[in-house]
Structures are given as structure tokens and as C-alpha cells.
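Undergrad: So the chains spell out like this:
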Amino acid sequence: MLKKKSALIGFVITIFVLLMALFAPYVAPHDPEYIDLGMKLNPPFWCQGGSFSYLLGTDSLGRDVLSRIIYGSQKSLFVSFASTIISSIIGVTLGMVSGFYGGKVDSIISRLGDIQLAFPLILLSIAVIAVLGTSTLNLIVVFGISNWVVYAKVTRGAVLSAKEKEYVEAARSIGCSNFSILVLHILPNIFASLIVIATLSLAGIIISESSLSFLGLGVPPPKPTWGGMLSEGRQYIYDGWWVATFPGLSIAMTVLGVNLFGDGLRDAYDPKLSVSKLK
Amino acid sequence: MKKKLIILLVFTLMVIPIMTACNNQDEEQSHEDVASESKHEKVSVVIAQTRDVTGLDYGLVAQTETQNISNNIFDALVRVDDSLNYVPNLAESWETPDDNTWVFHLKEGIKFTNGENLDANAVKYSLDRIMDPDVKSPQASRLDIVDEVLAPDSKTIIIKTSEPYAALLNALTLMFIVPPEAVEEMGNEKFSQKPIGSGPFIVEEFSPGEKVVLKANMDYWKGAPKIDELIFRPISEASTRVASLKTGEVDIILAIPPNNLKDLESDENIKTSAKTGVMLYLGLDALEKPLDDVRVRQAINYAIDVDSITENILLGTARPMAGPVFDITFGFDKSIKPYPYDVEKAKELLKEAGYANGFELKLATPPQGVEGTTNTLEVAQTIAAQLKDINIDVALDITDPATQFERYKNREFQSYLFTWDTQVEPDRYLYSLFDSDARGYYYKNTEIDKLLRKGRATMDQNEREKIYNEIHKLLYEDAPWGFLYNQEAYYGYRKNVKFQAPADGMIYAFEIEKTLE
Numbered sequence: 001m002l003k004k005k006s007a008l009i010g011f012v013i014t015i016f017v018l019l020m021a022l023f024a025p026y027v028a029p030h031d032p033e034y035i036d037l038g039m040k041l042n043p044p045f046w047c048q049g050g051s052f053s054y055l056l057g058t059d060s061l062g063r064d065v066l067s068r069i070i071y072g073s074q075k076s077l078f079v080s081f082a083s084t085i086i087s088s089i090i091g092v093t094l095g096m097v098s099g100f101y102g103g104k105v106d107s108i109i110s111r112l113g114d115i116q117l118a119f120p121l122i123l124l125s126i127a128v129i130a131v132l133g134t135s136t137l138n139l140i141v142v143f144g145i146s147n148w149v150v151y152a153k154v155t156r157g158a159v160l161s162a163k164e165k166e167y168v169e170a171a172r173s174i175g176c177s178n179f180s181i182l183v184l185h186i187l188p189n190i191f192a193s194l195i196v197i198a199t200l201s202l203a204g205i206i207i208s209e210s211s212l213s214f215l216g217l218g219v220p221p222p223k224p225t226w227g228g229m230l231s232e233g234r235q236y237i238y239d240g241w242w243v244a245t246f247p248g249l250s251i252a253m254t255v256l257g258v259n260l261f262g263d264g265l266r267d268a269y270d271p272k273l274s275v276s277k278l279k
Numbered sequence: 001m002k003k004k005l006i007i008l009l010v011f012t013l014m015v016i017p018i019m020t021a022c023n024n025q026d027e028e029q030s031h032e033d034v035a036s037e038s039k040h041e042k043v044s045v046v047i048a049q050t051r052d053v054t055g056l057d058y059g060l061v062a063q064t065e066t067q068n069i070s071n072n073i074f075d076a077l078v079r080v081d082d083s084l085n086y087v088p089n090l091a092e093s094w095e096t097p098d099d100n101t102w103v104f105h106l107k108e109g110i111k112f113t114n115g116e117n118l119d120a121n122a123v124k125y126s127l128d129r130i131m132d133p134d135v136k137s138p139q140a141s142r143l144d145i146v147d148e149v150l151a152p153d154s155k156t157i158i159i160k161t162s163e164p165y166a167a168l169l170n171a172l173t174l175m176f177i178v179p180p181e182a183v184e185e186m187g188n189e190k191f192s193q194k195p196i197g198s199g200p201f202i203v204e205e206f207s208p209g210e211k212v213v214l215k216a217n218m219d220y221w222k223g224a225p226k227i228d229e230l231i232f233r234p235i236s237e238a239s240t241r242v243a244s245l246k247t248g249e250v251d252i253i254l255a256i257p258p259n260n261l262k263d264l265e266s267d268e269n270i271k272t273s274a275k276t277g278v279m280l281y282l283g284l285d286a287l288e289k290p291l292d293d294v295r296v297r298q299a300i301n302y303a304i305d306v307d308s309i310t311e312n313i314l315l316g317t318a319r320p321m322a323g324p325v326f327d328i329t330f331g332f333d334k335s336i337k338p339y340p341y342d343v344e345k346a347k348e349l350l351k352e353a354g355y356a357n358g359f360e361l362k363l364a365t366p367p368q369g370v371e372g373t374t375n376t377l378e379v380a381q382t383i384a385a386q387l388k389d390i391n392i393d394v395a396l397d398i399t400d401p402a403t404q405f406e407r408y409k410n411r412e413f414q415s416y417l418f419t420w421d422t423q424v425e426p427d428r429y430l431y432s433l434f435d436s437d438a439r440g441y442y443y444k445n446t447e448i449d450k451l452l453r454k455g456r457a458t459m460d461q462n463e464r465e466k467i468y469n470e471i472h473k474l475l476y477e478d479a480p481w482g483f484l485y486n487q488e489a490y491y492g493y494r495k496n497v498k499f500q501a502p503a504d505g506m507i508y509a510f511e512i513e514k515t516l517e
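Chains as they are written, first to last, in our numbering: chain A, 1 to 279; chain B, 1 to 517.
The set of hints was computed from the structure by calculation and includes no laboratory data. Glycine residues also receive a C-beta, built at the ideal position from the N, C-alpha and C atoms. Certain hints may be false.
Claimed, not checked - Chain B regions said to be covered by chain A (calculated; three or more residues, Cβ under 8 Å):
| id | segment |
| --- | --- |
| 1 | 68-75 |
| 2 | 305-319 |
Unchecked claim - Facing chain B, from chain A, some residues (calculated, C-beta under 8 Å):
| id | residue |
| --- | --- |
| 3 | Lys5 |
| 4 | Ser6 |
| 5 | Glu33 |
| 6 | Val154 |
| 7 | Glu169 |
| 8 | Pro220 |
| 9 | Pro222 |
| 10 | Arg234 |
| 11 | Tyr236 |
Input sequences plus hints: build the corresponding full structure.
TA: Encoded structure:
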């Protein structure tokens, strides 16, 4: 998979951001919440007036932009990973139940999924956050609950085709319970496709999280988030372009990286979904 | 078949509202088209305020944004002119036969826009309505030493007070006169959504969150306004407000952020105008632990570096405040200086109070500046960082500006950033803010109450000044708030608009003119 250049680039970016988030306290040159009004709106080091102690400059309150981006990656990644895990667990469980048992259970779950899909994710999150208030946990819950449908649909399809296979009948004939058939025999066979979906939806959640923070509905300040930094920096776009530009670039790069990586994974592990190989 | 029917049903249910919504819009569109075609040069002035309003009647909604709108729909007995003198408005003249009696003579022949006569009965009804406990008017405390209002004939109003009331004229500038029959018929709730007055403009449309459209009252008793239409729009995002002014989408904006000032001043299509200002303060819940301890409140004052905030965030457009009294207010004690920035002293005070390890503090802040203030979120974050130095852990709660006042009244805040515009008359704001019966939501002090009532009732200016000096000193020491600063309120307007920042802080569009670009 890593032979493909785009996948390799995606892999490198993803790993880079992950490491950055994990080792934030060691990598960041400054405390991201430390306010030094005397140092406000310092430009990045290559511009006139910039200094090497603030590589990407400072924001309107004299906080180091680079450190805030590094710490901001923690929030973005934590929220997106946690909610991806939640939604994949919910989605896979419901998908397997619905595919395996069929009938009424299947149609109820499928209709539930259709209803869920009818609500735009951002709209739903805004409504929930407006009621429950802003906090990291609420964000995770909202994204986790509203993203399960994709997983459920894919899992259901995979289970439908797998349950007619010989190995399932073989397992059944030696007396395996439904549960162990599902978990031990079917799940491993669809795992690759799930990883692919998870990676791709991860990128979507990073964007949603940034949008909510941008709208002031994400993690409350002074905790740094990329969307929040973008929103705060917007007011200063004429006085200090770097305050909004770098968080924006970070979002773009990360999402691009994760997407490329996800595409690569798909090409390598799920030939059914691959478009590039057919060409 | 059944399935298909259900799908069809769901589909129609979803589509019908969408279709009708479109239709409404089309209709509105065509109405507007017709209107603009029939009258070619319709002069319309759009004013961008910082916050949406919940109602349009200032007698029921205590919001500055509502005040700006009410001031153009209604008239009061008395007005304040540009040099802050009280001048006749609905009342032609007035006299005080004794200290507890005021006699006002009304102008004759003024009508409300629904045809009702604006006579002494309407004035009596309006003032009684504010004082009626059932109405729960936020302005009631301004009239609480008024005993009764009499209307002996159709053009005379007699106001009897229980004690001498030095600030009565000031209070009356905020008492808008409403038409009795219309209010009775509509009820207060409905009236506040589409009020009727005698002012230079008539309410045409109120779409919450979007705009308030007023059209000129061509029969206004002072003459027809020079513009045909006045639109108030809430644009809470400061940068959007500035951009809308630059593109000409709006004609006048309130609260320009300091970092945009230079840019706007260099734009040849735009002019700016400033008035004395708006104060931002950090309200503290002095009724609950740990802020009930005066040492803790003082410590907070010592720990906030206001100078640095006004210099670096507000770029010198604000001055630190010494207590809650403006330096232009009558009774300001010049010997009182703002709390100095002294972290050591703050720590000591906290230690004495038993909070050496600090505590957690919730701070409610609007996401953007309200009224004339700007950069509130940045100020809040800076305060949070500075309080951390004395171990107070601040968690920011970003409030929705529209519901902020309700939450404030319901005591949902532990500390909060709030505003008040600069006033010369001390009773006008100190009484509202610090009297236990007026807004005793977060602070009660019987000594202050006594002095406030005495100040209100004292006619002798020297003695009155001494009383307010004392109030100033007491409030400074008791520190019911974290005292922050007084920011100059900058208004921006297009150069084809004749506008001036209002001296009393209330926009009066009767005087606004606009030539088409």
C-alpha cells in the first residue's frame, strides 16, 4: 500500500499529526494558554519583526500560535478518534444484528438509519450543543451518536452476504451460537472495510469539530482548538494574517493527509471498493 | 402499496412547509418591488446594533438596543439635548410648587399614530403602567418614590413624590408615553412586539434575529423625518459589522473594535464619531461563597491588570475605572484611584480570607462585545489568565447575548461581564445597579440602599454631591464588581449620512439625514 505515493504522503502526515498530539507537552515551545499582552501579534520568524522564539508568530493576546496549533491537534484528534470509536461500535453492532436476523429488526434499524441520515450532522450537533452546553464530552457524544449509520449500512451488507457462505454454515453445523458466529467468524472478515470507513469518516469529524469551534459551539476558550483559533484570528486578518492562516492550513493538511491515507488503505484492503484499480 | 403511501405522505409533509416558505418569500419580494417602484427614491437608513432585541418597548425590556428603537417610536415628556440639558419634549414647560410636587404642561394636539389623543390621561396611564407591580417593568425602580400621578385636566400632569426626587427629570427621559387603548387591547406582551407611539417612526415589521423595520411618521408633530425608512439589524460579529459598513450594506454601525478604527478612518466613504463611552465590569455574585467575602472581591480587583488590557487589547480607547462611578458623573470622588495591579496584595487578601489555594470561578461572557464594548472574549480570557496567578481557576461560559439578561436576572451567573453606558446623573444607574430592591440579584448592602435613597431625595446640590461621594467610596471599598474600564463608544457611518454619536447614548433618527450615493 505504501508503494503508492499519495498513500505514503497521507500516512506520513497522519503519523506526524498523531505524534504531534501525543507529545504536545514536549514539542510545544510555549504554554499555549500563557497570555503576554506585550508580545501580541508578533509575525512569524521569516517576516520582518518576527523572532525565532515564536516560529509562527503570536495571536492577539500574545500567545504562541505554533504551541496553540500543537495543543489544538490534541483536541481535534481526541474528539474525532473517540467519537469514531463510539459510532463504529454502535454502527457495527446494529449492522450485524440487522443483517443477521433480518425481518422486522432489520427494517426498524434500517429506517432508524434513514431518519438519522435525514438530519445534517452540523445542524444536529448545533441543536444538541445548544441544549446541553459546550464541552468536550458533549461533542464526542454528538458526533459518536450521529455517525453510526455508515458503519451499520456497510456491516449489514457484509453480514447479509457472509451469512450464506459455507464457513458460516460450517460453524453453525458444529453448534456455534449466533453470537460467536457474528463476532468470531463474520466480524474479522469485514474488519478491513470498517477500518477504511473509519479513517474516511475521521476526516469528516475533524472538519465538523473545527466548524463547531469556529461557530463558538466547540470546546470553550482559552483551550486551543483549530476552529476556535480560526474564528478568533478572523477579526485580525488585516493586522496579523498568520493568526487565522496557520490553524486553517493545519485543518486542511490533516484532513488531506487522513483522506489520502484512507484512500490508500481502501485500495490495498478492499478491492471491491477500489475505483483506481478498475481503471 | 401501503409502503408507497407512507413514503408519499412523509414526502408531502416535508415538502409542503418548504414550498409555502418559498411562496411567502416570493410574496414579500413582490410587495417590496411594488413599494419601491411606486416611490422611486425611498431613503432607507440601516443601523447595525450589537445584539438582537426581545421586544421593542423599553418599558418592558431593559436593553440598550431596545432603548435605541423605542426612542424612535415613542416620545417622552422630557428629552436630553446635545449638551446634556433637560429640554421640553411632550411637556411644554414644568414647575415645582414644592419639593414633592412636579407640574408638567403638555403640548396640545399631539396624536398617537393610531389616532388616539396624547393627553394627560395617556401620560398618567403610561407612568402608572410602569409602576404597576403586575407589569413587572424593569424601569419601575426609577419611579419608586413617586406616590401618584394626577391628570386634573387634559393638558396638565401632576407628579407627587413621597420625598423630594432630584433625578425625576432624568427618569422621565426614559418613560415613553404609550396609547392606553392600544395597550389595553393588545396586552403588554403583544404590544412590545409591535408597539404604537407618537414618535417620528412607526413599526412596520419585527423579525426577531433579523431586523426591525420602522417607517417614517409623516404626521410627526415635529415634522416629517428626513428619511423614509429606518432599519435596525443585529450583527453581533464585530468584523461582519465593519465589513457591512464598508460595503455599504448598512449605513451606521455601533461599537467599532479598536483594531479596525484606523482602517475605517482611512476609508474615504466612512466617518466615525465617538461619545463618552460604555463601561465594562466584572459582576460578582456577592451573595454566595466565596465571593461574599469582601477580601476575595478586593483580591480580584488587585489581580486584574486593567492598564495592560486597555492599552494592549483596546489600544488606548478605554480608561481604567476607579470604582463603578464614571469620572464625568456628578458626585465622582476625584481622590479615588483605580485599584492598582498588585498580585502580592491579592494573594495576601485571599490567604486572609482562607482561600490561599484559590477556588473555581465561572465567568459568563458574551462571545462578542455588546452595546459599545468590543473584544469582550479576549478581555475575558486575559482576566482568566491573570486570576490564575492568584490560583483562581476561571472557566469561561460563553453566553448567548439574547438570553444573557434573563440568565442574569435568574441568578445563573457566578461572575459575568456586563456593560452600562456613561451617564452624568448618578441616580440613573447607581440606583438601578446597586439598590437591593432594584437589581439586588447579586449584591445587597443596606447602607448603600439608605444613601442611594437619600441621594435621590436631596435637592441641595452640595449636600447631594457629598452623598454620592460617600456612595462612590463605599462601593469602591466594598468592591461588588471587578472594576474594569470605560471604553469610548465608536460609531461608524457612511459619509452620505448626517449622523452624530448621541450624547445621551440613545439614537434619535429624527435628526438623521441621508443623501443618495
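Undergrad: Give a verdict on every hint.
TA: Hints, verified against the model:
| no. | hint | in the structure |
| --- | --- | --- |
| 1 | 68-75 | violated (count 0) |
| 2 | 305-319 | holds (count 5) |
| 3 | Lys5 | 40 Å, violated |
| 4 | Ser6 | 37 Å, violated |
| 5 | Glu33 | 7 Å, holds |
| 6 | Val154 | 24 Å, violated |
| 7 | Glu169 | 32 Å, violated |
| 8 | Pro220 | 5 Å, holds |
| 9 | Pro222 | 5 Å, holds |
| 10 | Arg234 | 6 Å, holds |
| 11 | Tyr236 | 7 Å, holds |
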